[in-house]
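Peer 1: Spelled out, the chains give:
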Amino acid sequence: MTSFIIWYVLSLILAVVNLPLTWRLFKALPSRGYALSRPVGLLLWGYLFWLLTSLQLLHNNLAGQLVAFGLVIMLNLLVLRGGRAKGLWAWIKANHRLILTTEALFLVAFGLWAVVRAANPAIIGTEKPMEMAFINAILRSPTFPPNDPWLSGYAISYYYFGYVLAAMLIRVSGVDAAIGYNLMSALWFALTALGAYGVLFDLLAGNRHKEGKISGWVYAASLLAPFMLLIVSNWHGFLDILHARGLFWSQDAAGQSVSSFWQWINLKELTTAPASYSWFPLRLGGVQWWGASRVVQDFTLNGTALEVIDEFPFFTYLLSDLHPHLLAMPFVLLAVSQALNAIRGGWQGETRFWHWRLPWGLPEIAFAVLTLGGLAFMNTWDFPFYLLLIAAALVYGQYRSNGWNGRRIGEFFLLCFGLGIPAILMYFPFFLSFSSQAGGILPSLAFFTQGHYFWIMFGPLLLPLFAGLLAHFFERPQARAVKPAFLITLGLFLFLFVFSWSLAFIGTKLPTLNQLFLGLQGATPGESPLWQALLNRLKAPGTWITLFLLSFLALNALLGEHCSQAEEPESAHTEKSTHTFVLFLLILGLLLTLAPEFVYLRDNFGTRMNTIFKFYFQAWILWSLAGSYMLVQLIGSATKTKLWEKLFPFGMFLLGMIAMYLGLYRDDAVFQRFNQNLGALGSSPLDYIVLGIFALAMIWFIFELVSRRWKMALAVICICGIAMGLVYPVVALWNKTGGIPSADQLTLDGTQYYKAIWPDQMQAVEWLKQAPLGVMVEAVADTGGSYTTYASVSTFSGMPTVLGWIGHEAQWRGGYLEMGSRQNDIRTLYSTHDWQEAKAILDKYQIKYVYVGDLEIRTYALDESKFQEHLQLVFNSPGARIYAYAAGQ
Amino acid sequence: MKETATISHTKGLSDTQIQLSMLAIFLLGLCLRLTSLASIPFSAGEAQAAWQALLVARDLPVETAVNAAYQGLTASTFALMQANAFWARFWPAMAGASLALIPLFWRRRLSPFLTLGIAFALALDPILFILSRQAGNAIFVLAGLVWALSFFIAGKPVGVGVALAVALLGGPWAWAVLLLLLIALGIAYLINKAALNEFASALLNVCPLRKSPAKFALSFVLTLLLLATSFGLDPAGISGIAGGLSAFLQEGFLNSQFPAWTPIYRWAAYSICPLILSIVATVHAWRDGAKAKKALSLLTMFLLLGAVLFANLGTGGLAFVQLPIWILALSEIERLVKSTSDQPRVSLYVFIFSLVLCVFLAISLKSFLNAFPGTLAFTQQGLAFGLGLVLLGLVYLFTGLGWSFQAAGRGAALALTLVLLVSSLSLTLSSTVNKAKQAALIWSDSPILDSADEISKVLHEYERLNTFEPETASVAILDPHYSGYAWIFRDFGRVDLPLALPESQSPEIILSHPDWQLKPDQPYRGMDLVASRQIAWDTLTPMDLVKGVFTQTFTTNPNMAIFWIREDLFTGANP
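Same order as they appear, the protein sequences are chains A and B. With this note's numbering applied, the first sequence has no gaps in its numbers, which climb one by one up to 893 at the end. With this note's numbering applied, the second sequence has no gaps in its numbers, which climb one by one up to 588 at the end.
Simulated from the structure, these hints should not be mistaken for laboratory data. Hints are supplied without guarantee of correctness; some may be wrong.
Below, a sample of chain A positions facing chain B; criterion: calculated Cβ distance under 8 Å [as the list claims (entries may be wrong)]: (1) L61; (2) N65; (3) L66; (4) V71; (5) I77; (6) P653; (7) P882; (8) G883; (9) A891.
Ranges of calculated distance between the beta carbons of each label pair, as one might list FRET restraints [stated by the list, open to error]: (10) E347(B) with L75(A): 31 to 37 Å; (11) S214(B) with A108(A): 46 to 52 Å; (12) M573(B) with L75(A): 43 to 49 Å.
The structure presented is a predicted model; accordingly, all values stated were derived computationally and were not measured. We put the CB at the ideal spot given by N, CA and C, even for glycine.
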């Protein structure tokens with residue numbers, strides 16, 4: 005609790021200190037970027053600290069951080085010069101409602117997710133140890149680039165800026181890193197919620213001013229964005245409970261359960277019938293909450309299924325691996341807000357570079373460059389997407405001022421370079437030490453997302469998007485641009501198809517690429533892979549059709565919006581720019597989902613796994629913002645509802661809550677009566693409650709249609725889609741946290757599990773944390789150790805070990821070159837009887853600490869006597885020993 | 014203000030005389046501080062600070078300075094001069110001595126007596142004196158803050174910038190004082206908002222920074238950068254700008270390793286004179302409603318409370334109390350001196366007689382406390398002391414009854430004040446005695462490295478008798494608790510602090526924990542020694558504490574170590 009309070013106060017200080025700068029930068033936004041003041045502060049503080057430490061001007065310690073924070077304070081004080089302090093104070097007084105709402109949202113989100121983390125805090129499994137290792141290594145490194153915790157003598161080769169921010173917060177708050185790890189997840193959850201709230205608030209408030217005041221409805225409606233972004237999930241959870249309830253299964257003649265529906269859906273773990281029926285997934289041998297991140301499956305040309313990652317924010321936070329895509333989220337929303345600020349004219353000013361005169365203010369340009377570079381350093385994949393968005397927003401501003409002509413296209417490319425290159429240069433020290441695993445672009449010949457996978461994945465977001473676009477299409481016939489929208493969409497698809505197939509064709513013809521390329525695609529010898537791939541796609545065109553329609557409707561709205569050349573008032577201008585911006589978000593998301601249908605980035609895996617993961621995740625962010633705006637517009641523009649009409653959603657909610665209670669309740673007769681070993685549908689009262697929700701939704705929809713309130717009818721469909729997307733959070737949260745733990749079971753300490761299982765090892769870790777920095781050595785798994793508890797001593801102590809998780813090192817560095825013979829050398833070191841041989845290895849890697857614990861004994865034919873004889877025993881406990889070695893110098 | 018200024022011009026010395034007197038006091042304070050500066054044993058903390066400065070001077074990697082002002086000045090001095098104990102303590106001594114010049118800025122607002130009295134007190138107060146003879150103490154913070162305030166009053170923005178930067182770089186106490194001031198302001202705001210606003214606006218009106226903020230900012234930033242980087246010797250030393258804040262956040266709120274009463278005890282034992290006089294002054298101030306003195310007494314209490322609350326930051330915090338307490342004490346002395354007696358001759362006789370009795374009391378008290386309880390000497394000395402006290406009381410009583418209580422009181426009070434002042438001065442002077450350990454033991458926050466001399470002697474003997482050459486020899490300090498000895502071995506070719514003995518290299522000297530075991534193939538001969546020593550505050554009885562006030566001696570805890578010398582160096586005679 006103390007740690008939580010410290011972090012809360014710390015975040016509050018960040019918000020207050022950085023308010024002047026944020027207020028100055030986001031001058032065209034109604035919220036003046038208030039919700040973003042924390043990410044703004046973190047970015048600036050982190051950048052200054054990282055840069056000055058990389059340039060050896062600061063030490064990587066608390067004092068260095070405080071100096072950097074002092075610079076941030078000075079910058080903010082400079083902003084307040086020239087009477088701005090009074091302006092800011094007046095704004096605060098006038099917008100206290102926004103400030104209170106935002107702060108309340110922050111506290112609730114931070115507290116909520118801290119409790120979730122406290123219910124399952126262990127830093128174990130998946131890639132949490134890797135992230136913990138990065139954070140601890142950064143905390144221990146005297147300077148930057150930080151030591152690679154799992155490859156001594158090398159710097160981290162990964163986009164590690166997010167971990168620098170985590171380490172900074174952990175250090176300045178004085179909490180243990182393993183507690184800070186979980187608080188970091190909760191804080192980022194809250195920052196993301198705040199960022200999304202801010203974006204939607206600025207979108208809505210721009211249109212809904214009443215005599216200079218923002219309507220109260222906007223404050224509440226803006227909550228939809230964080231809800232859609234962070235809570236609403238894909239439809240896997242909904243399908244999971246249908247599957248668990250035994251729907252769509254029948255018995256064949258042999259008495260076997262068969263289902264053409266589930267065979268067609270073909271979701272992992274859902275292709276076989278459940279052992280017993282219940283409204284809560286209880287299947288054995290699977291991790292229920294995991295399946296939603298593996299909805300999409302790719303198939304090679306010979307039909308082999310390949311794993312594809314399709315995370316979405318709720319899953320990401322539930323998993324709580326502090327992966328770059330999670331760490332970048334608040335800054336992605338910062339970039340989105342900067343683009344919105346640009347499109348609203350907030351960048352207006354003048355900046356001169358030699359003889360060039362730019363129509364934008366220098367602070368805005370500089371901060372955009374800082375943000376984009378930060379994204380490149382935090383999650384490199386995001387960099388180009390948001391560069392495009394900001395450039396597009398600026399070009400739109402130019403178009404508004406100077407009209408459309410060919411120069412705008414030139415300006416767009418110039419802006420991409422003009423912002424992109426300085427962004428890279430600002431973080432140049434990072435790029436010097438970074439070796440990416442990305443090895444170019446490959447045509448996605450065999451791999452594509454089947455339509456039903458795409459809809460299961462994005463359904464809750466696609467519904468509001470389509471609803472909003474359809475409403476626009478039918479409501480505003482004068483603002484249609486059917487022909488150009490169709491042609492551009494067709495051109496885009498054709499271009500991508502030709503590009504991809506041409507690449508593939510070249511790949512099949514070049515002898516050096518042929519084998520590799522066709523091997524990856526699983527081509528059958530003797531058959532034309534290009535033709536075979538095309539046929540496969542035409543058999544399952546769902547995603548293409550969906551994206552084609554979406555593209556057409558979005559382009560129609562975008563182009564149609566600007567057909568009219570008539571003079572328009574300022575408010576209409578704001579509204580138009582808002583709509584345009586939302587369409588930009590939608591189109592960017594569309595491009596992110598369309599591109600991997602044709603090409604993907606080549607990495608160590610050779611599949612679309614990472615491309616889909618990173619692209620779809622950003623698409624989710626963009627579409628959740630656009631979708632929530634469209635849904636609010638849809639509901640907001642519908643004619644006023646009568647009080648009794650509100651009974652439909654209320655009834656659905658009430659029934660949903662009852663169903664949730666009965667579905668999740670476990671320990672006594674309630675569960676047995678309502679939700680265990682159920683028979684056919686209708687055998688349990690719970691069945692009727694669930695069907696009641698469905699029936700209410702149907703009645704509501706029909707009622708709206710009959711009332712000719714078709715926009716509201718569309719909204720009902722969207723609400724149902726969202727409700728389906730809410731099944732996963734309920735089921736998965738319950739599943740991951742094991743129900744609601746009692747207060748004394750809650751802890752944020754991520755090492756609690758280790759302390760219980762390996763207390764001696766954790767004592768050794770504590771000893772190492774206090775010991776002088778030096779290379780350590782511990783056991784390496786024969787299989788590489790990824791996702792296991794190998795390398796956990798270096799993970800939690802921050803001491804660089806000779807070798808950690810081999811597979812991950814290979815991914816980060818694009819190969820095994822740097823690892824050399826380390827794995828064998830470590831084996832020799834532990835098992836040899838020859839001291840001179842061991843000594844040569846100790847000298848070779850400049851090892852200072854030799855750790856001997858449970859894993860070392862189990863992994864190697866350990867000969868400890870040579871260490872006992874020649875090394876200094878500096879830590880000794882029954883289950884763990886540390887020997888110190890000092891090489892002669 | 015005008016009134017006091019007039020007094021100084023009509024009754025007091027001329028301005029030139031005051032300036033010359035203050036210069037003389039400053040020189041006296043400086044000379045005394047520099048006396049035997051190098052011979053007092055280093056504490057582990059001091060040695061660590063000096064060693065860090067030396068590493069900077071040698072262009073070797075260092076940790077972030079906690080006291081960047083000390084490190085910056087000392088490192089550059091080491092680079093220019095020789096790295097020795099004198100230069101390691103030179104700048105704190107200078108900073109401490111410079112305090113005596115502060116009243117120069119206030120002389121037009123104070124009487125000559127107070128001006129010179131404060132100068133004298135700041136120059137020779139035992140606490141300020143001892144603390145300013147330690148490497149890396151809080152003296153830079155005190156000096157910086159007081160100089161900054163003085164420059165502020167004098168309207169010198171550059172001076173304010175430089176002094177404030179020095180204070181900020183002077184260690185964690187700068188931030189503790191800042192926090193205390195903020196809390197004090199908060200309390201003042203709650204108690205009397207209007208008065209505080211009035212004070213703030215008055216302060217803003219005279220603020221020299223408003224007229225030339227650029228000068229202030231430039232001097233402040235430049236000083237920060239120059240000192241933190243040790244005048245360019247250590248560019249990464251910029252982190253040291255927040256080194257004090259970092260230490261304050263990490264250590265300031267932790268419990269001290271010593272019992273909570275120790276700061277108060279140490280302070281009281283070394284501040285008897287100003288403490289007694291300031292209590293009297295405070296009583297008078299609250300009785301008479303003297304606002305300035307009331308505020309001063311509150312400030313003193315607040316700073317004392319701060320020194321106790323942040324005791325984990327070290328004894329340095331007590332230095333901040335000395336300025337306000339001496340102002341209060343001197344104002345009381347001034348009142349006493351200036352008060353007119355109805356029978357001056359009687360006062361004089363009482364003064365002389367009381368003085369003799371006080372001297373007798375002081376001598377008999379020391380003998381009484383040094384005697385073992387229950388012995389004849391103890392009884393005799395106790396009796397003598399008691400009789401002395403009775404006699405002093407009778408002198409006052411009979412003089413009062415026979416002539417005048419006012420005259421008797423004035424004479425006795427002046428005698429007592431004089432004795433207290435002398436006792437204060439004696440504490441100051443006794444700390445300059447060559448190799449004086451007691452003051453160092455009492456006022457150090459870390460153990461005293463009192464085997465340094467012994468080790469130096471042994472090594473010197475080896476150097477004389479054998480083939481041992483320190484310049485090319487290497488030392489391994491195997492126990493991190495004795496890392497301060499790196500400074501003691503600074504003239505050796507190489508000093509390492511490894512956890513294990515280097516495998517392929519055998520250093521000539523090893524300093525290890527007594528538990529450390531030699532391997533059979535390691536050819537060394539060892540010598541047990543007391544590596545460091547610290548007062549056993551936890552075990553002292555109330556009687557020990559009472560005795561300690563007068564005798565300045567306390568029981569200490571020794572920390573043992575083994576001093577190993579490689580066997581092949583024993584080619585000649587063994588000392």
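Peer 1: Compare the structure with each hint and give your call.
Peer 2: Cross-check of the supplied hints:
no., hint, verdict
1, L61, "5 Å, holds"
2, N65, "6 Å, holds"
3, L66, "4 Å, holds"
4, V71, "5 Å, holds"
5, I77, "11 Å, violated"
6, P653, "50 Å, violated"
7, P882, "20 Å, violated"
8, G883, "21 Å, violated"
9, A891, "6 Å, holds"
10, E347(B) with L75(A): 31 to 37 Å, "48 Å, violated"
11, S214(B) with A108(A): 46 to 52 Å, "37 Å, violated"
12, M573(B) with L75(A): 43 to 49 Å, "47 Å, holds"
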